[in-house]
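This is what each chain is made of:
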Amino acid sequence: MTSRQTWHAIGAMTSIAAAALLPVVSGDYYTSFGTEIAIMVLMLSSYRLIVLTGEWSFAHVVLQGVGAYTAAIAVKDFDWPFPLTIAAGAAMAALMATILSFPLLRMKGFYFLMGSFAAAEAIRLLWRKIPFFGGTRGLSNIPAPYLDLGGLTIDFGHPANFFHLSLAVVVCCLFLMWRMERARIGHIWRAIQQQDILAQSVGIESRTYRRLAFVIAAAFAGIAGVLLAYAFGTVTPNRFGLNFALYLMIWSIVGGTRTFYGVVLGGVVLMIFDESLRFAEELRPGVYGLILIGVMLFCPQGLERLLQSMARVLPGTRSDESGERGTLSRPGKS
Amino acid sequence: MQMLIDTLVNAAMASAATALVSIGLALIFGVMRIENFAHGELYMVGAYVTWYVSSALGLTYFPGLVCAVLITALLGALMEVALFRRLRSNPVGCLIITVGVLLVLQTAAVWFGGVNSTLLVDTPFPGVLRIGTLALPWHRLFVIVAAIILMLALTWLLRRTAFGWAVRAVAQDAEAASLQGISIGRISILAMMLSAGLAGAAGAFMAPIVRVNPFMGQPVIITAFIVIIMGGIGSIEGAIIASVLYSTFFTFVSTYLDSTVATIAGLCIMLGVLIFMPNGLMGKAEKV
Numbered sequence: 001m002t003s004r005q006t007w008h009a010i011g012a013m014t015s016i017a018a019a020a021l022l023p024v025v026s027g028d029y030y031t032s033f034g035t036e037i038a039i040m041v042l043m044l045s046s047y048r049l050i051v052l053t054g055e056w057s058f059a060h061v062v063l064q065g066v067g068a069y070t071a072a073i074a075v076k077d078f079d080w081p082f083p084l085t086i087a088a089g090a091a092m093a094a095l096m097a098t099i100l101s102f103p104l105l106r107m108k109g110f111y112f113l114m115g116s117f118a119a120a121e122a123i124r125l126l127w128r129k130i131p132f133f134g135g136t137r138g139l140s141n142i143p144a145p146y147l148d149l150g151g152l153t154i155d156f157g158h159p160a161n162f163f164h165l166s167l168a169v170v171v172c173c174l175f176l177m178w179r180m181e182r183a184r185i186g187h188i189w190r191a192i193q194q195q196d197i198l199a200q201s202v203g204i205e206s207r208t209y210r211r212l213a214f215v216i217a218a219a220f221a222g223i224a225g226v227l228l229a230y231a232f233g234t235v236t237p238n239r240f241g242l243n244f245a246l247y248l249m250i251w252s253i254v255g256g257t258r259t260f261y262g263v264v265l266g267g268v269v270l271m272i273f274d275e276s277l278r279f280a281e282e283l284r285p286g287v288y289g290l291i292l293i294g295v296m297l298f299c300p301q302g303l304e305r306l307l308q309s310m311a312r313v314l315p316g317t318r319s320d321e322s323g324e325r326g327t328l329s330r331p332g333k334s
Numbered sequence: 001m002q003m004l005i006d007t008l009v010n011a012a013m014a015s016a017a018t019a020l021v022s023i024g025l026a027l028i029f030g031v032m033r034i035e036n037f038a039h040g041e042l043y044m045v046g047a048y049v050t051w052y053v054s055s056a057l058g059l060t061y062f063p064g065l066v067c068a069v070l071i072t073a074l075l076g077a078l079m080e081v082a083l084f085r086r087l088r089s090n091p092v093g094c095l096i097i098t099v100g101v102l103l104v105l106q107t108a109a110v111w112f113g114g115v116n117s118t119l120l121v122d123t124p125f126p127g128v129l130r131i132g133t134l135a136l137p138w139h140r141l142f143v144i145v146a147a148i149i150l151m152l153a154l155t156w157l158l159r160r161t162a163f164g165w166a167v168r169a170v171a172q173d174a175e176a177a178s179l180q181g182i183s184i185g186r187i188s189i190l191a192m193m194l195s196a197g198l199a200g201a202a203g204a205f206m207a208p209i210v211r212v213n214p215f216m217g218q219p220v221i222i223t224a225f226i227v228i229i230m231g232g233i234g235s236i237e238g239a240i241i242a243s244v245l246y247s248t249f250f251t252f253v254s255t256y257l258d259s260t261v262a263t264i265a266g267l268c269i270m271l272g273v274l275i276f277m278p279n280g281l282m283g284k285a286e287k288v
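The listed protein sequences derive, respectively, from chains F and Y. Going by the numbering used here, the residue at position 318 of the first sequence is 318; the numbering climbs one at a time, nothing skipped. Going by the numbering used here, the residue at position 65 of the second sequence is 65; the numbering climbs one at a time, nothing skipped.
Excised from the complex, chain F in its bound form:
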């Protein structure tokens, strides 16, 4: 282990420990908010897997919804325990993504964006339409998980307990994604994003790897959905609408998607920023719009880039990348 990796590990451990202390220093409200941040970080990090292959998707939020609905139904109708619902949520979201990937991965760029929107919105409208999924009001009264260790019971209905549970799940998922990105598959994804045709010419079946990224990202989104279902106790179709898909995209762009750490940090910062705008609920979209325009005009690689140039403390800095990174590849004019 080089000294740089050691520093990374120490940094990661410290941040996890600091995050775990949150319930100690703050009240229930901010602890629940911490849970929301953890879920959002998981969403952004998994979304980044798709972005790594050079695509932007509108379907990610609905795949999170698939996980949430799966958990809600498994708990309410079948009384499944928490670990099983996590597995089921991830599996259902991955399954749905696999099915969707067959038509969607025939498209690229803008076409993929619109195709993923059409598929996702159709699924969401079906949730609203079918009584089994609770219609427009969704499913509510999802009981919190609890653990019974022969006398010692932990009730995860308590915000602090559930926060620790979510944090543990999210950290495990982040670790898996981090390993994946460092492994061969991560390099292949980057190769596909930068030079699709070249990657194919050296024998990389790019559609297979794009599908892998889409499905793996969906599995993590499914887990985020399961956590969401428990955290709020309700699942409604409106939670997974176009607005949230847009916000996910905006946050990825504003935060930047270049580095693994950047997206985690960006998620935390933007969630706190979002919360601080709560006093001006109605003006919030406009503020995001202005930020988005400003970022695109003056800092197209996201705020993490700004942070990197201000102080080179964030690891993973490479200077050889042009403005292409993090922007959608599009079919050329023919």
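Quick caveat, the hints were computed from the structure, so don't treat them as lab data. Because the structure is a prediction, the values reported are computed rather than measured. You can take every hint at face value.
Here are the simulated distance ranges between beta carbons:
| id | chain 1 | residue 1 | chain 2 | residue 2 | range |
| --- | --- | --- | --- | --- | --- |
| 1 | Y | L70 | F | I197 | 42 to 48 Å |
| 2 | F | S201 | Y | G114 | 54 to 60 Å |
| 3 | Y | F163 | F | G294 | 30 to 36 Å |
| 4 | Y | F163 | F | I99 | 46 to 52 Å |
| 5 | Y | W165 | F | Q194 | 38 to 44 Å |
Covered stretches of chain F (in silico footprint by chain Y; criterion: 3 or more residues with CB under 8 Å from a CB of chain Y, positions within the stretch not fixed):
| id | stretch |
| --- | --- |
| 6 | 95 to 107 |
| 7 | 124 to 133 |
| 8 | 285 to 292 |
Virtual Cβ for every residue (Gly too), placed ideally from N, Cα, C.
Assemble chain Y onto chain F, guided by the hints.
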């Protein structure tokens, strides 16, 4: 019978309004290669301006219509000059910026008129045309006729004038056009004004019929994207044909069945077109 006639008139009106909106979207994609997500918000601004001038200022409907077209055209020019021009080499950046503009315009409308505003615009053509036992609302007929006139004028503009030739040349090959001395910047501004003005006109036409609210652009832009994908992105003729086909289909399904079912069917059609004929009805081959 009356219901069938009503549905037919509504379908024709929806086709007309959708065509006006999606023509602009197709035009901008053709000339500038930008997918303008804020296009539905220009429609919304058109409706708001019409309301403001005709109801709040107390002038009549037609000054409102003219102001709506002028103000949206100005907004379009502003978007081109202040935003798109600076990101000419990065069409994806432009796409993201249009999402930003969408949010800003929506918020501006909320700030201007409130979230749940019920802004009423009086039609200049109240009442109905009676043919036997059938009743045809005058304003709906006006929307259909006005849209057809606008589309004919646009066809004349694009086919018969030097400006139209220049626009089509830029759409075909921007580099070659600029080598022939056509100013891309000037054509882009004019095309953007034309496109935004058409959306504003559509908003003004529909203002007396639909509920004027900050989020009225959202279903419109979704429909418009479905339509231009069906018609072939960048093709104006395709956009018109697809508008008529899609709006008629949508109006009939939502009248006789359910509007959610109609939306789901529309999204599935778009998905089908993307999968099986990505060039749409009239689009040029764009390899995916």
